[in-house]
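> Residue numbers (the working numbering), protein chains in the order written: chain A, 1 to 88; chain B, 1001 to 1232.
Be aware that a few hints might be false.
List time: in silico DSS-like cross-link candidates among lysine-lysine, alpha-carbon distance up to 30 angstroms [unchecked claim]:
1) A:K20 <-> B:K1140
2) A:K11 <-> B:K1140
3) A:K41 <-> B:K1140
4) A:K41 <-> A:K11
5) A:K41 <-> A:K20
Hints in this document: simulated from the structure, not taken from any laboratory.
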Amino acid sequence: MPTIVVEVMPKAELLDPAGKAVAGALHRLGHESIRDVRIGKRFELHVDGEIDAALLETAQQLAADMLSNGVIEDVISVHIDGVAGETR
Amino acid sequence: MRIGVVTFPGSLDDRDAQRAIRLAGAEPVALWHGTHDLQGVDAIVLPGGFSYGDYLRCGAIAARSPIMAEVIDAANSGMPVLGICNGFQILVEAHLLPGGLIRNDHGDFIRRDQRLRVESTDSAWTNGFELGQEITIPLKNGEGGFIADEATLDRLEGEGLVAFRYLDVNPNGSLRDIAGLRNERGNVVGLMPHPEHAVEPGFGPNTPEAMRSGVDGLTFFTSVLTATLASA
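Bound conformation, chain A alone (with noise of 0.2 angstroms):
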């Protein structure tokens, strides 16, 4: 089924408590070189039929709109499954 990918991350100033609590276990396993490790949010978005633009255009709307909150988190990119980078 096409499928749109949106990505999000908390944004990179904000603290992200959960990503802290992965990298103090990484380091406690002996991997120091991994520094930090920040969690962020990916959606599939399986819809019927192409998706053309009208379509992109909402799934980038959404993103903003809702899956996201502008305050908190950064959408990354919004694109179609297999097209790496397509939009934004």
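Given chain A, put chain B in place with the hints provided.
Showing chain B alone in chain A's frame:
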């Protein structure tokens, strides 16, 4: 006076909020998220809990539920709206208050009787307090860290929109110790601590006078009675 309490899927403290309203001398009205019916209430409480399991972001899905269209319209027309904990998160996600709430900086859920300073009495829900009054009400959250960019924080401070600030300890990493906000008009207030859990002797926080005797939260619900009477 009738005060609506909206129940969302995953609300926990809706019954407690209804009880607080009753103890303050008003009539609580149960409202349901899936309707567009405010049942003619005079004020609205968005209660605490974990609506939609905190999926997506805390309060994000509830903020887009059917009844929120009417809540947002009512808030923009001046009706008093109080958001407690998850209700505060819903108000922020509905853009009725600025900023955002993220996971506590220490990563843990926290439950404590929290001292707060009242920073604004110019609101429907805080007019019964003295400015600078120190109160104690329970706090319980995992994602209560208030954040906003520097310009927004400066504006909130400059316009006196910070309603409550944490005292003694900052329990969740909130910027500038902000525990709650009001909007410009003063009808919308949101905060992470739970006033509805400090309304009845025997069931509130401890005080120097007696165990569990703290009822500082009751003033939120008596304030709104005065506010609506004054505007009626």
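> Determine for every hint whether it applies to the structure shown.
Cross-check of the supplied hints:
no.: 1; hint: A:K20 <-> B:K1140; result: 22 angstroms, holds
no.: 2; hint: A:K11 <-> B:K1140; result: 25 angstroms, holds
no.: 3; hint: A:K41 <-> B:K1140; result: 26 angstroms, holds
no.: 4; hint: A:K41 <-> A:K11; result: 12 angstroms, holds
no.: 5; hint: A:K41 <-> A:K20; result: 16 angstroms, holds
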